[in-house]
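Undergrad: Construct the complete structure from the given sequences, taking the supplied hints into account.
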Amino acid sequence: GIVAGAKAYRALSSILAEILFATLTTTSSRNMSTSSSIAELLGSPQVVVGFGATTLVLLATTFFYLKNNEGSSDGGAASTSSALEKVEELDSEKYPGGYLTIYYGSQTGTAQMFAKQIASESESRGFHTRVVDLQDVVDNEDQRSISDIATLDASHNNIDVVNDDDGSLIRATLAHPHYREGNAMEGRSRAIFLVATYGEGEPTDNAQQFVEMMKSKSGIRDIYKLEDSPGLISVDSCVRMGVEVDEDGEEEKKNDSGSSLSNDMVLDRSFLRDLDFAVFGLGNKQYEHYNNMSRFMDASLAKCGASRIAPLGLGDDDDDLEGDFENWKDNVLWPALTEKFVKGGAADALAAARKDNDVLELPECPYEVEYLKDGASKKIDLDMIQTSSKHYVQAMDCPIVASRELRDPSDPGSTVHMEIDISKHMSSLKYQTADNLGILPKNDSALVELVAKSLGFDLNQLFHLFPSAEESATKHTLPFPTPCTVRDCLERYCDLTGSPRRSDLKQLAPYARDEMDRKALLRMSSKEGKSEYKEKIVEAHVGIGDIVTRLCPSIVCPLEHFIMVCPRLQPRYYTISSSSTVHPKTIHITYALLESEKKNGGKFNGLCSGHLSSLSKGDMVRVFVRDSTFRLPKQPERPIIMIGPGTGIAPMRAILQERSYERKSIGDAQGPNILYFGCKNRTSDFIYRDELEAFSDEGTITELHLAFSREQAEKVYVQHLLAQRGAETWKLIDDGKASIFVCGAVKMGADVDHTLQDIIAQHGGMSREKAKAYLGKLQTAGRFVQELWS
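Numbering-wise (the UniProt record's numbering), the sequence shown opens with residue 1 and increments by one.
Among these hints, one or two may not hold up.
[Claimed, not checked] Straight-line Cα separation of at most 25 Å, PhoX-like style, residue types lysine-lysine; simulated pairs: (1) K530 x K519; (2) K603 x K442; (3) K343 x K329; (4) K329 x K530; (5) K453 x K506; (6) K747 x K772; (7) K527 x K506; (8) K343 x K453.
[What the hints assert, rightly or not] Pair ranges (Cβ atoms, derived): (9) A402 x E595: 18 to 24 Å; (10) K536 x L594: 17 to 23 Å; (11) P363 x S596: 30 to 36 Å; (12) G618 x E532: 42 to 48 Å.
Quick caveat, the hints were computed from the structure, so don't treat them as lab data.
Every residue gets a Cβ at the ideal spot worked out from N, C-alpha and C, and that includes glycine.
TA: Set out below in structure tokens:
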């Protein structure tokens, strides 16, 4: 195609130029002592040959490139030409089901892992698969992925075939290149979507742009309304057409059809009419907007004309996410794919072959390791790093300038206030008040040394990680940047302490030399061994580090295979507890040390909080900034209701600092600031007490409501105090256009949500259903914001 041809031409030209430069350099260095004249240098036989060969090849390449692209124009035509390029037909006996594309939206790597599981089983099921990061679908700079995505003929669909200027909306379908018009295998494409929901019903980082594209194409703008449909989603019953709301939560002006569509929105009901799809969602039922993104994906794809292969599957990480996925994959997805696409006796033959080949084998590794002797190696292309691992590149090392305990010494727990100096990285770590700070923790050095000793790794060895030959053509392949030492790899990038999933145990099993170890891993990785896995791995807080050093010490595997099997060490996010206006050069965080008792009598410490607690003033911590959903109202006269018990006070402290600074210039023109804070009792864990009382004394805090749960026989929580002030709260919301900010545990957040619904229903004179919808509109407008953790 044109894009591929242009790339090949540029690449070949670059290579030939390098060859010529090398020839010139070599010859020049040899003749430098006798001649410094260009004329004399050009008289060299080597250079003459170099120039001649280079010129001939460049001319031939240019002729070939131009000849093969005659009649093509720039822009959309180029993309269309590339999209309709002829491709080789598959072996129909080996792959009777044809081509299958698996897309994933993943934040921590689990959805990506599920995608690879489907891909690993696909050949035995008769399908040829490829796994694609959703970011690649809309990546403006990834010309390869754009050409890999089929684009509808502009004359056929009357839409552009190139992406928008901002790269967030690519006018393309999700058809596989082998099923495009004009190819031998013309027909309907099929795709599987593995989609995680992140935070409060939001898309993962690598799915954000794709979700925006689907919002625009489908017209579904109010994604939270989808949850009105119980069970598996029904598009006809639960899709609400694109309602836009302003900051007050009011619907904007509707168009002639009655729906609140923006002027530039184009609803395309046939956008994906040649696509068959299935969606599986990864979520957590503790959160209100459970599996919101998978529900949206399922609805929007159908709204754009695509047809379902199988019903939407929902996985619950609060219970048994892997079990939910396996059940959907084995009992829903594969039977549906087989029935629809694998015809005749091919399905029976494939099933028989799977039964005969049920042998434990080493998994294929997508990586290759090059050990470096002299330490000289260029950095890997950042485009090769997985989207879900981009924080490894973004993070900066910053010094700790202050750290102090916030609880009374009599309290057995620990909550710490920490300040981090970002003055040397102001451009990359610039933050807004109450944003999130991502912290990259490190594994304990003693554990790292034990793992390296058990597996026979040299911690000081420098290495470079490359994609394997099979993966080399795929973007976003590598899990972290290299070169690095084995110590850095194990300390910074491998999760040695988190409980591995059952699929991780299955991948580890072939590397166990002892049969007992191998059988134990396979047993706990099986469906039948779920109870044993839960007891011996999850509840016992056993990580891969424990498995390879203590439980199954016979495991031996190469470094690249260990990197493949071991989950990535994920960042931990803390809501920033400082105002960016008051403290532009430092970031404050507030964290509680996570400690719990193990069943075997030992103690389990949270990895990141334990890592932070081991650091002192002057030590470095690796951090990056992530946007939060907390944003102060643009109108300072509007009230703010803040609900943040325990460490949930962190963003409220930041907001109060900001409002205090603002109040110095506008005085009483500022709206009320109402704070609900809760803890066990006022003497042990009333954190930031002095600061909150000072804010109250100066008038920044208009009302301070304190819930001390252990100071009376019946426990009192923040939601109880909120309910007592129902009439006042409704007046602030309805008349004053107040913003409501909530931060803390998921259960507290759910209780506050229900309390607010009760208040709105009772004092607003509406049904419970309408009260819930009213609160949803506030959320869409950014006036009701929750940041919760489980």
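Undergrad: Against each hint, give a clear statement of whether it holds in the structure.
TA: Verification of the hints:
1. K530 x K519: Distance ~14 Å between K530 and K519 Cα, so the pair holds.
2. K603 x K442: holds, 18 Å
3. K343 x K329: This hinted pair holds, its Cα atoms lying about 20 Å apart.
4. K329 x K530: Roughly 17 Å between the alpha carbons, so the hint for K329 and K530 holds.
5. K453 x K506: Distance of about 23 Å is within 25 Å: holds.
6. K747 x K772: holds, 18 Å
7. K527 x K506: Holds, at roughly 11 Å.
8. K343 x K453: violated, 52 Å
9. A402 x E595: 18 to 24 Å: holds, 23 Å
10. K536 x L594: 17 to 23 Å: With Cβ atoms ~21 Å apart, the hint holds.
11. P363 x S596: 30 to 36 Å: Holds, since P363 and S596 (Cβ atoms, about 33 Å apart) stay within the stated range.
12. G618 x E532: 42 to 48 Å: holds, 46 Å
In summary, the one numbered hint that this structure violates is 8.
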